[in-house]
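S.K.: Make a model of the complete structure from these sequences and hints.
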Amino acid sequence: MKNILVLIDNSVNSEHLALSAMNIALTIRANITLAHASKKDNSGNNHDLENYESNLHEEQILSGIADYLRTVVQAARKADFMPAVKCLLYPGTVVDLLAETTNDHAIDLVLIGSHQPRSWEKVMFRTRMNDILDHIGCPLMVIPRKFIIDQIAHAIFAVDLSIDYHKALHYFVIFSACFETKVAVINISRLGFPEKHSELDLCELVNSCLDKNLPPVTYHTVRSAQVRSGLLAALESKKVDLLCLVHKNYGFLRRMFHVSISKQLADNVLIPIMILPDDYSVAPVFLPGDQNVMTSATNDNFSLG
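Note that the sequence shown covers residues 1 to 305 in full-length UniProt numbering.
No lab work stands behind these hints: they were computed from the structure.
Hints are not guaranteed to be accurate.
Stated by the list, open to error - Estimated spans, in silico, between C-beta atoms of each pair: (1) Leu200 <-> Lys146: 38 to 46 Å; (2) Ala84 <-> His166: 14 to 22 Å; (3) Cys209 <-> Ile148: 30 to 38 Å; (4) Arg145 <-> Val222: 25 to 33 Å; (5) Leu200 <-> His57: 57 to 65 Å.
What the hints assert, rightly or not - Once the Cα atoms are required to be at most 16 Å apart in a straight line, the calculated EDC-like pairs of lysine to aspartate or glutamate come out as: (6) Lys239 <-> Asp150; (7) Lys39 <-> Asp67; (8) Lys86 <-> Glu58; (9) Lys39 <-> Asp104; (10) Lys86 <-> Asp104; (11) Lys39 <-> Asp9.
Think of the CB as a built atom: it goes at the ideal place given N, C-alpha and C, for glycine as much as any other residue.
M.R.: Here it is, written out as structure tokens:
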């Protein structure tokens, strides 16, 4: 059974996140854990009562959202599946929580809300997202404020043709097939560099690397001076419900000279973004019609994110 972890932050966005998790869980047949990470000051006994009251309040919030979600799930559930919903109050940071729970394949997907509109909160979110992406061990989905995922009709998988992207794409197409999503593979080709192949040839090459039981994808090249601006232009020109990027965790020295597109886009795109760790090993995913697709993928070289 697959498991979805939802990071709850005591904001109004938490219920929207929980509802998004419910819709995904019903589709991919997964259980849900509502988690809140709260780093407490345990340096002295003077804080014991304060910490106790804070923990009690956070537990009540988690419990309330869980009860609400169970009610919604019961009203909308599929006849043959009912996701289990549980709560987790973690005594540490969000990064600690994700490092502990997502690197042993216990969690298959993490949902987190995007930033608040004020500039300071945006900076704080971006800083936290940098740490999260460098430590998480499973796919992460970033949901914009007050957004509820329901249907995912069209998705974009952004790709860098200079490195190996096939295993990451294979995972994303499997996930998308559960929602009957049409996937477009988009390559942002930098202006000033020659185009190496025709779109038709590249489309055939991309599809030849996918399992024959999976639905085919389309392929498009977008010419742009920058990867970020090219992606944003592609999102604005098409009806897109989900964007997928792959994040590569560089060492300290390379990170100083590398701009992470996934970190840049995670805090300001108005649609959900799925970010895959470059070394993620894919678990079984059930496709429509109870077709079980097994794959074991490690995306060692995908570096667009």
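S.K.: Against this structure, judge whether each hint is valid.
M.R.: Now for the hints, and whether the structure bears them out:
no., hint, in the structure
1, Leu200 <-> Lys146: 38 to 46 Å, "holds, 41 Å"
2, Ala84 <-> His166: 14 to 22 Å, "violated, 34 Å"
3, Cys209 <-> Ile148: 30 to 38 Å, "holds, 33 Å"
4, Arg145 <-> Val222: 25 to 33 Å, "holds, 27 Å"
5, Leu200 <-> His57: 57 to 65 Å, "holds, 59 Å"
6, Lys239 <-> Asp150, "holds, 15 Å"
7, Lys39 <-> Asp67, "violated, 25 Å"
8, Lys86 <-> Glu58, "holds, 14 Å"
9, Lys39 <-> Asp104, "violated, 23 Å"
10, Lys86 <-> Asp104, "violated, 19 Å"
11, Lys39 <-> Asp9, "holds, 12 Å"
Checked against the numbered hints given earlier, this structure breaks hints 2, 7, 9, 10; the rest are met.
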